[in-house]
Structure formats: structure tokens, C-alpha cells
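The listed protein sequences derive, respectively, from chains F, G, Z and V.
Numbered continuously in my numbering, the first sequence closes out at residue 360.
Numbered continuously in my numbering, the second sequence closes out at residue 720.
Numbered continuously in my numbering, the third sequence closes out at residue 1080.
Numbered continuously in my numbering, the fourth sequence closes out at residue 1440.
Treat the hints loosely; a few may be bogus.
Unchecked claim - With a cut-off of at most 25 Å between alpha-carbon atoms, the simulated DSS-like pairs for lysine-lysine come out as follows: (1) 1042/Z / 777/Z; (2) 907/Z / 1334/V; (3) 1384/V / 986/Z; (4) 254/F / 547/G; (5) 1130/V / 974/Z; (6) 1346/V / 1033/Z; (7) 626/G / 96/F; (8) 664/G / 266/F; (9) 974/Z / 1384/V; (10) 411/G / 254/F; (11) 1346/V / 1024/Z; (12) 974/Z / 1274/V; (13) 1267/V / 974/Z; (14) 1024/Z / 777/Z; (15) 614/G / 194/F; (16) 1334/V / 770/Z; (17) 1334/V / 914/Z; (18) 626/G / 304/F; (19) 777/Z / 914/Z; (20) 614/G / 51/F.
Derived from the structure by calculation, the hints contain no laboratory data.
There are 4 protein chains.
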Amino acid sequence: MNTFGHFLRVTTWGESHGRAVGCVIDGFPAGLEVDEEFIQREMERRRPGKKYTTQRKEVDRVEILSGVFEGLTTATPISMVVWNVDADSSAYESLKTVFRPGHADYTYWAKFGVRDWRGGGRASARETAARVAAGAMAKLLLRRYDVKVMGYAKEIAGVSCEVDDAEKAFERAERSPLRMPDERAEKEAEQRLKEAMSEGDSVGGVVEVVAKNVPAGLGEPVFGKLDAYLAYAVMGIPAVKGVEIGAGFEAARKRGSENNDPIVLKDGRIRFATNNAGGILGGISNGEDIVLRAAIKPTPSISKKQRTVDYEKMEEAEISVKGRHDPCIVPRAVPVVEAMVALVLADCMLMQGLIPRSLL
Amino acid sequence: MNTFGHFLRVTTWGESHGRAVGCVIDGFPAGLEVDEEFIQREMERRRPGKKYTTQRKEVDRVEILSGVFEGLTTATPISMVVWNVDADSSAYESLKTVFRPGHADYTYWAKFGVRDWRGGGRASARETAARVAAGAMAKLLLRRYDVKVMGYAKEIAGVSCEVDDAEKAFERAERSPLRMPDERAEKEAEQRLKEAMSEGDSVGGVVEVVAKNVPAGLGEPVFGKLDAYLAYAVMGIPAVKGVEIGAGFEAARKRGSENNDPIVLKDGRIRFATNNAGGILGGISNGEDIVLRAAIKPTPSISKKQRTVDYEKMEEAEISVKGRHDPCIVPRAVPVVEAMVALVLADCMLMQGLIPRSLL
Amino acid sequence: MNTFGHFLRVTTWGESHGRAVGCVIDGFPAGLEVDEEFIQREMERRRPGKKYTTQRKEVDRVEILSGVFEGLTTATPISMVVWNVDADSSAYESLKTVFRPGHADYTYWAKFGVRDWRGGGRASARETAARVAAGAMAKLLLRRYDVKVMGYAKEIAGVSCEVDDAEKAFERAERSPLRMPDERAEKEAEQRLKEAMSEGDSVGGVVEVVAKNVPAGLGEPVFGKLDAYLAYAVMGIPAVKGVEIGAGFEAARKRGSENNDPIVLKDGRIRFATNNAGGILGGISNGEDIVLRAAIKPTPSISKKQRTVDYEKMEEAEISVKGRHDPCIVPRAVPVVEAMVALVLADCMLMQGLIPRSLL
Amino acid sequence: MNTFGHFLRVTTWGESHGRAVGCVIDGFPAGLEVDEEFIQREMERRRPGKKYTTQRKEVDRVEILSGVFEGLTTATPISMVVWNVDADSSAYESLKTVFRPGHADYTYWAKFGVRDWRGGGRASARETAARVAAGAMAKLLLRRYDVKVMGYAKEIAGVSCEVDDAEKAFERAERSPLRMPDERAEKEAEQRLKEAMSEGDSVGGVVEVVAKNVPAGLGEPVFGKLDAYLAYAVMGIPAVKGVEIGAGFEAARKRGSENNDPIVLKDGRIRFATNNAGGILGGISNGEDIVLRAAIKPTPSISKKQRTVDYEKMEEAEISVKGRHDPCIVPRAVPVVEAMVALVLADCMLMQGLIPRSLL
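Using the sequences and the accompanying hints, generate a full structural model.
So this is what it looks like as C-alpha cells:
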């Protein structure tokens, strides 16, 4: 279950404080030129060590060990490694026998009877570095078909952004430390974030991802629907607690006549006048933008005191999680959600035969 | 992609106006006594022909064709059939060449170049009868392990119910035509629904499902997380546009200190003082109730006039969808969401070894 | 595990003496005209009730319950049912508590703790009726791409046929009660079969299947190789104990210089001068005929006395299996092996993009 | 399709002359002590650079990058890397545009339009180093349940060994340069091999693997039968052209009364008096030894002149494959077949619940 995808399959491996994290991409078509700089730029977007993020210093350089020959993919598995450089387990020594609230410490222990307590081990968000590397490959592939996947923080600490145009929002957000597309909202969110930080607390938010130029016909009813697949992909990202498509939960409050997107002809092609459906009808893409939002919970690692249990002594205890943590994971979650969406879309295009097995 | 599940796999088949719908359940353990009455009661909960639902008359009797011998499951595939009795395609004749807005008509046509236009064909919610039949088998299995899956309409037409206790809410909702647990909310929702109906319109809502006595340890990180699997299962139900777990989108507005569930000892066992996590941490169940909500869009079939395209003439057209439709699909969606949750939980318990291959 | 295939997936269900056997085909492309007569002819080739076969009378009429609309496939699941008409469990009553040697009686009991003792239940070769029905659909699809799958009994009771041309061999074999392409061998095999029958015994043989006009490029290294996939498909047929490709076990006795097929140009196309490889190199089809042989063990049901164990009394016992059994299953196994080969080839062509999702 | 297994899944990656080969093992239970020395000994058994093998010098040291913490497996993915040290592509430069007969050169090119021509790239038997590493982990797991997987060369160059006792045969073979258990046969085979070598030619043979103490109940009918799964696993090994179980192709020549294994009581337990079935009935293990044979073709790389095609000039050509090649791959294939058998058995034991998710 560390493998994602049907036709294009990504297997990730590695722990937060182990030697490395990495992935193997299988089913990638032959003949794509690998733009390593692009991959590195994607890694950079998720990388820690910036404002409002953990101060762990990781260069996150991706090494490709297989599957590429003379600059081209060969349709054989692409093995990518990101070495862990700045893992520091000392802060975790004292947490060895207590479960951090809001983390997977207890559940891993309950499931497997053993856990790597250093920095969350496998459950650490560090694993998502491998997803971003794989997602970068998917984006390179989609780029060739003019499909763009763009994300930003739609909301942080309860402050929501107005977004008219996803492309502009994306560009604006890329220059924002909170990855928010709306300056006014950003200011307010920043204020709330600082307040939380000053109290040793954290905040959450909502990531929105829009995919443009997605062809109609993607998705496999009745269980492998495009929206079901996206929900699976995105809900499996650490800290995500909700996923919605198009109008999402708001659709539940609308009338049918409001929510149904009128079908029209534009330039002789069948299109939709509105996009409450978020680009998906009956689990199949309809040619409009795919619009998806993910609810990101506040970072569970906080220095504020919390109640927990010490399982060696089997007694209640107090905990204050030190170490280097993101007070808000939302900005760094954006490229991860994008990566998963890109992987889903590339996989569906391959399944639908819209991307061939070989580009040559 | 008409198969759902890993260890416990359900394949559904059939079209709304074809001869039957049905399913094959594979991987079901040997030795379970099959309570056919229970299965039939579950079918009855989803069955059309009642107040505020389509008036199509279907007895929805399940026939078991294989996999059961002398009343016990044998671990071989269980084939179940529900014959279509009251399909009436006449209302659809006039819609043959126009796409119904909010339906899968356009996308099936775009994907496959052909579609069964009678009542939505495969994309019809009639397919969910097969899911409920399979889900009933999963519930029978879970019942043996004291796991209960209970759902109700949390919200209809924007009117939300107060719920303290899921078990009582479930019981109350079972006696409600809107399957709402809160009488006051029900009255108001009923009023809004009637208004919509009088205008040839429809409404949506939110289904909440709670699973009790779920053991800790279910779910397969990092991609096959329990919440990801549930999101996949539930987002794939027709009309669902959003899924959230525990505090869900509200979690995005909380502080870490509010959202983290304190870990405590109750009767010497590790438990959680609150349940914002909805019973899942790091993608693995933590022993608390699983709490999930699904946003259900308003029924797309409305008699109100809508804009669409006639694809034979390739020109814009108006459409008014006649036929027998649910003005609000939420009450009938409840057992479907429950069925998918039950299938996920049974599958995870099998994968985790908590349910053996043979109960004998 | 009652599902076969990756892209084109077949799920079979049903027991020998249950109500029916059937299958659900998922992933079948849209737009194929369904030739029901062809399907029925394929069923006829496997049907019991002929010379040298069990005298069980089954018309084996296939009913299609879904996935076909106005004569065309719609890319939705195709559900097919074959009702059991002439099941007679009385002969099995006395065998309820003894394991038949050479059968799956003991292993099903050991695995599941319960078994349907009537006619072998799920382990009966009757299940292969569903495979032949599904295989017929695959053949219809392949026919459109001029791919032909032809089988015959290469050997029965140790008597082997000379085969020069697979197409002629197939045609000759279709008129032979033993499905043997070589008259001289057939006479001798018939003699040996009659001898065995007169002693209440049975014989085995070898089925050879040749697939013509298979495009190069099918198969997925390194684990999903075409030969591995074929071996999986064919070894899973009841009574098969060995599978070989091309020169097979004989290749193990050759020199490299003899076994390597020289690569040549024929009419400007790259071809192979010989076909020891059986059309597969490195797990990928090379454009030559696929040649596969399966070893079929002698029918385990024999009236000759055998030693066994009565597991109720837990003591040794003697058994003489009465009932209506094939003294040699090889002729009826031929269409089953063909069906599995056809399913594999159709699946691989879909995966490789050589057959599109929609033929329209 | 570079992933093998259902519950225990192995993904291999890497090319012969790339930077490394490796694998990721997913689904491995928690709590197993990792005996790195054992893994290394297994690598040593497959390692090149010995008598009658290629003279490529590879230390084949396995590095474990994840999934192990404080010496114990953690149920998270185990990433293993074997760096390529002595790859020398110079001998392949001249073969860039010609297909080597008997190799996958043509088929990879036909399938993907591009190929890594250095040493066979992904199709090289070097990939099996990763399989042996993964297989070693499976063996460690099986060892805990007393299941032993032992292989040897049953036949080389047409010379067959007598084997009475698999355990003794295995031990004897481990000391033999040809990995043959029978000294007389070994001498003769060695003679024939030398003759072939002197003519720039190669020979093939048959590997036999026996698994002892395999519990009854493994295998998933009707498609995922244990024998089908083994056939899939073993036929997918480079150079394998045939697989048989128990009596295999010989069973096809026997009478039912000879081939059926009598069922008897030994020490109060149900057992089989003979083992023509090779430990598998109806696709499920019966508690007897699993016996499997694989036909290995002669090494296709020979210095003897062969006919081929130069695809740049698109004209016929002659080829003499220089470089460092095994004149007979059989001895080195033995641990690879064992590895695949071990992976299958461990996977089936996990699926059957005979190995738990955590050993703690």
C-alpha cells in the first residue's frame, strides 16, 4: 500500500530520519526528455527551511538511479532518491514512550507493535518529498499535453482568498510566503499565524488545486471515478481531513436548477456555462477545469502543553513537542496536493489511451 | 473499474433499464450464516417507491446464485442478482439525443462514443442497489465483530440536524421520511423540499455515517490510508461532491491545540478525550468512532427548464426532465454510504487479519 | 482471486451443482457487435454430453444480462449467466466425507473448513464454462484485429501428433472426437483411451495452442511478461500441471546456436527464421506465432478403487468415484486453454494501446 | 508491471549498466530481525565472477535504505540497493544497431521505440540480483515458520541428475560449480559444457526447486491458484521457457490410477502416499513438498556467428556476441528460482493469515 496508481504507479519508501526517502515510478512512457531542473524547482517549492516552515535544512536534491538513458525515459522503472541530510533525532529522544497527540504515533504502534519514533518515521510529512519528485515527472508528461496543475492556499487560519482566475492566483501565490493568491487575506492570515506561533500553537487551512486543459473522458466508473480517485489521492496526504470537488459541500445547499451546469455550444464545441461540477460528471472529466479543495488540519506538533499517555509506564502524561516544526503546513502542502492531482491525471490519460506507451 | 476492494472485492454490473443489476462478492470468508432477511431489510431501506422518492416500483428482491451452501458462505464468489421489474424507458425516448445537465450523459458519450440512454444506463443510481446488497453482506460480517455502521441525513436543503448520540440519531432517522434524526430540522427541511418540488426543482444535503467499535489498526499507509480508502469509496457514490472525516473542513479553521484530541487512559486503555480526528490518525483507525460526512448534490433530474445541447443536430436546446425522479436523493443515499463504509471496514479487518479467512 | 486480468478483467462465479455459473467482464471496449451465435458455438465446443465425455446434459446457453445495448458493447460490465440444468448430486452423497484422490476436496476443506461436496463445487471444471464464455468475447475482439487463437490435442495417452500447419491442424481437430489433428495418432490414442476406460481408468495429454497475427510489443516486463502471464492463465486451468512456450523443455537440451532464432528480413520487415522462442523474447511478443503447450493430467475421477481417508471417522477408506466423468478431459480442455490465451492477448493489446477503449 | 506480489509486493528497478539495481519490498511484516549476513550469502550464490560464469566482477553488496529500525523490520517499505561497480559497456558499442538473437533487443525496441543497449539494459539478468535480495528477506520470514526453499540444477546440457532427497541434493549442489546434486551427471554435463564453450556456444538445463514444510491451504482459486502463481513467478525469470509442478508433463502420460496420490493417515494426520501433485491440488497446497521445475534455455549470448538485422541500415548482418557471458546460466538461475518461489510462498502465507502483519 505504499504504491499509488494503476497504469502509472509510484512506490514511495523512506523514513523521516532514515538514510533517505525515495520512489520508484513504474509505467512511465518511453521517450520523454527529463528536465531535471524542473524536478528540482518542484522540490524547492516543498522544501523546508523557509519562512513559516520548519528550519530543518534539506537540499532535497533528487538523484535518478534508473529508467533514464541518454536523457530520455525508457519505460523502465525510474528510481529516485532524496538523501536525508539534516535529520536530528535528539529532540525525539524524550518522546520515545509518549504518543504525540494528533500524530500517528499511537496508531502505528497499535497496528504494528513497533514504530520508528524518530521524527514520525514513515508517517512524517518528509515522505511527501518523494511524492513531489514523482509528481514532477507526471507534470512533465502532462505539460506535453498542455495540461497544467496549479495550486495555492485558498484559506489559512480561517481567512479565505478571493480567486477569479486560477492561473493568476497561482502566479501570485508563488511569490507569497503563505502561498496565498490574495494580498489582503494573506496579511490577515499572517497576523493570525503569528498569534498562534506566539502561543506555541499552529493553524490549518484549505488548499485549492485547479487543473486546466484536462481532456474529457478521464475516469473509470463506477468505482474508479475520477473524483473518487482524486479523493483517494488527496485524502491520503498527511493532515488532509476533507476533500471536495467543484462546489463541493456548497452544492449540498443548492437547488438542482442552480447547481446543474447548463450545457452550451462555444465555438461549435460542447461546453458548460458554469462549473459547479468541478470538471467531473458521473465520475468522468467533462473538459472543464478540474477544481478540488483539501482541508488541511493545523500542524499537530505544538509546543503548547497537551495531555497524552506514556505507554511504557502506562500512565497519563503531559507533552510539549519541541523540535523544528511548521506552524502551518498549508503552503508546503500545496505542491504535494498538486503532485497527487498530476499523478492521477497522468494515470487516467494513460488508461484512456490519450498518452501512448511511447512518445517516440 | 467496476470492482471495489482489495481483499474483499465487489464487482457490480447492470444498467437502470437493462434486465437486472447485480454483484459478485469475492474474498468473503467461509462459514458465515447468511441472514437473507437482513439483506432484504437493507434493500428496503434504499428501495424507491416511498414518500419523496421516485415512484418507480421495484421489489428489489436479492437472489443469491452462488457462494452459499447449506446456509453458510463457502469463501467462493457470492453472485447476487436484483431483477429490474418496473423499468420504463418511454420517458427517455425524447431525451435520446440531448444531454441532461448535471448527469453523466455527456461524459459517457465523450468517453465511449456510445451510451445506454435509458434512465442513465450504467450511471443511474439504480446501480447502487447492488452496492447495498454487497454492503449488507459486509454488515453481517461486521456484526459478528460488534462493529456497527449507522447513517442518517445530517443536513437537507441547508437545514442541519443536531446530533448528540449516533445510535439514537440512527434509530430516530429510520422512522423519518427524510431520514433525519432531529424532528425540528426535519420539519423545516420538509418545507423547503416541498417548495422546491412545487417549482419542479430539487435539493441536496449531507449524509453522516458513524461506525462504532472499530478496532484500532485498520488502514494501510501511506497511500491506502483508511481515510483515503473511505474517501475513495464514498466519493464514488453518484451525486457525492465532498467527503470529510471527523472535524473535516472545520479542522482547517481550528488551532492545533483545539484540534488535537488529547490522549487519555479510560479503564486502563488508551483512548482519546475528543474525536476531531473522526477515529483516524495517520490513516490508521485509533479505536474511536469513525465519523464521515458526504456532501450530496441536489438531484440533477428536474422538470424545470434547463439549457443543453442536442448532439445529433449539434445545436443548443431546452430540456425538461420528466420521468419518476427523487426530488432529494439524500434519504436513499444514506444506506448506500453505509454500505460503502461497511465494505471498507470489512476489507480492512480482513487485511489486518482481524477477520480470518474462515469463521469455522 | 476469482478475477482474471488487468485491463480486461473477468470475474467468474458459480458451483458445479449450484444454480448457475457465470462471469462478469469488465474493461471490454465499447462498440463491438456481439455475435451471440459465435459465443454459443464456443460453448458447444466445451459442452459435455458427447463421445468420450461426461454424459451430463447441459445446453450451456449463455444469457447476457448487461453491458450490451442495441447489439453493441457499451464498455460497461458484461454479465453472462449459464444456468445449471442437469446437475445431479446423488452420486456425491456417498462421497460427502471422503476426499477424492487427485481432486481439490482435501485442500478446500483444509483451507476453508467447509466445502460444497456436490460435484466438486467451485473446483469443478464446470467453472470453465464461464471462462469459455468470456474467452469467446475476447476472441470476437481479437478477430477484429485478425488475431486467431487455435488449439488442439497435441498428445493423448502418450501418443503425439505431428503438426505442420496450425491452421490445418485446428480444422482437422475440430472434426475429431479427441480433437487431435493427426488421424494416425488419433486412432492409437483412441485405442489406449478405450483400454483405460475398460479398466475404470483415465488418461491425460497435452494441449497446444497457437496464436497467429499477434502484433509485436505485447507483454509487460519484468514480472508481467507475456509468457509469465500466459503461464499464470493456463496453469490456473483445472488439471494443468505444466506449461511451456515455443521449444519449452526441449530448449533446455539445445545449444544456444540451435535455439536462438536467426533474425532476418522478409518483405522488408524484421522477422525470425525459426520460432523456438514461441513468439516471445524477453517477455514481449516478437510478431511470430505464439506457441504454448499445457500438460493435462489424467482425469482424477475414476471408478477404479483408490485409497483415501474418511474425515468424519478419521480413518482410511477405499473409494470408487462413480458419476458421469470424462475419461479424458483433453478434448474439452482445448477451448478452455484457447479462452485463457485469448483473454491474455486481448488484455495485453488493450494495455499496449493496440485496441482502443472504444471501437466507434 | 515491475511489481510482483499481492500482499507482499516487490518492485525492482535498475539496468545492467546503470548506476544500480534495487528493490522496494512492501507489505513485509513488522518485527523480523534482519540477518544481513544471510542476505549477503544469498547474493553470493547468484554473484557472477566464478567458474563457468561471466567474469564481470560485482561484489553485490546490498544496502538497506529504509524499513528497518534498530535491527527490526517496521512494516514500512524496505528499500534495497545494489550498486553496479563493474559495468563495461564498451563491448556493446558495436552492437548498438543490431539485435542480438535470443535476446529482448528487438522486442524492447518494437514495444518502446527506444532501448538501453548497454548489456541488455533492463532485460539483463542483472535485474535478478534485486529479486535475490528480496527473496532473501522472504526466506528469512519463511525460516521462522520452518519453511525451506531449496534448489539445484536437475539437468544441464541434456544430462539429468538422480535425486532422492531434496535436502541432501541441495547441500551437495551447493558445493558443485554447476550446482548439480549428482556427481556422475555433473562430470558429464561439465564435459558437454566445455565442448560448447570451445565452440563459442552455450547450453541450457532444468532447475528444480523443492519447498518443505509448506502448510496446507495456500493458494487462491480459481485464478490465483498456487501453481498458477508459481508459474507466473518462475516463467517471468529471464531464460525460462517452461514450468511444471510435480509430475508435470510426465503426468500427461500417466493413467489416473497412477497419477492420483493416495490419501492416507500418517501419525493421525492426513497425508499423501506419493507426490505426483507436487504438493498442490486444485490450486491449493496440500501439505506435501512443493516441487517445481523450470526449463532454462541456453544463454543467447554466444560468440558463434549468427544471422541478424542491423536496424539502422535495415539490412541483414552477422553478429558475434563478445563480452563476458555465462556459457550456462543454470547454476546462477537456481537462487533466482528459489527467490521467486520464496516470495510466492511468503505472500500466500500472509494472505492466508498464517503469517501475521506483526511478529511482535
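Consistency of the hints with the structure:
1. 1042/Z / 777/Z: holds, 17 Å
2. 907/Z / 1334/V: Roughly 18 Å separates the two Cα atoms, so the pair holds.
3. 1384/V / 986/Z: Holds, at roughly 23 Å.
4. 254/F / 547/G: holds, 18 Å
5. 1130/V / 974/Z: It holds: about 23 Å lies between the C-alpha atoms, which stays within 25 Å.
6. 1346/V / 1033/Z: Holds. Residue 1346/V to residue 1033/Z sits at ~15 Å (cutoff 25 Å).
7. 626/G / 96/F: holds, 22 Å
8. 664/G / 266/F: holds, 23 Å
9. 974/Z / 1384/V: Holds, at about 15 Å.
10. 411/G / 254/F: holds, 21 Å
11. 1346/V / 1024/Z: At roughly 23 Å apart (the allowed maximum being 25 Å), residue 1024/Z and residue 1346/V satisfy the hint.
12. 974/Z / 1274/V: Holds, at about 15 Å.
13. 1267/V / 974/Z: Distance of about 18 Å is within 25 Å: holds.
14. 1024/Z / 777/Z: Cα-Cα ~24 Å, so holds.
15. 614/G / 194/F: Measuring from Cα to Cα gives roughly 15 Å; hence the hint holds.
16. 1334/V / 770/Z: Given pair residue 1334/V, residue 770/Z holds - Cα atoms ~23 Å apart, limit 25 Å.
17. 1334/V / 914/Z: holds, 15 Å
18. 626/G / 304/F: Satisfied, since the Cα-Cα distance of roughly 23 Å is no more than 25 Å.
19. 777/Z / 914/Z: Distance of about 22 Å is within 25 Å: holds.
20. 614/G / 51/F: OK: residue 614/G and residue 51/F at ~21 Å, within 25 Å.
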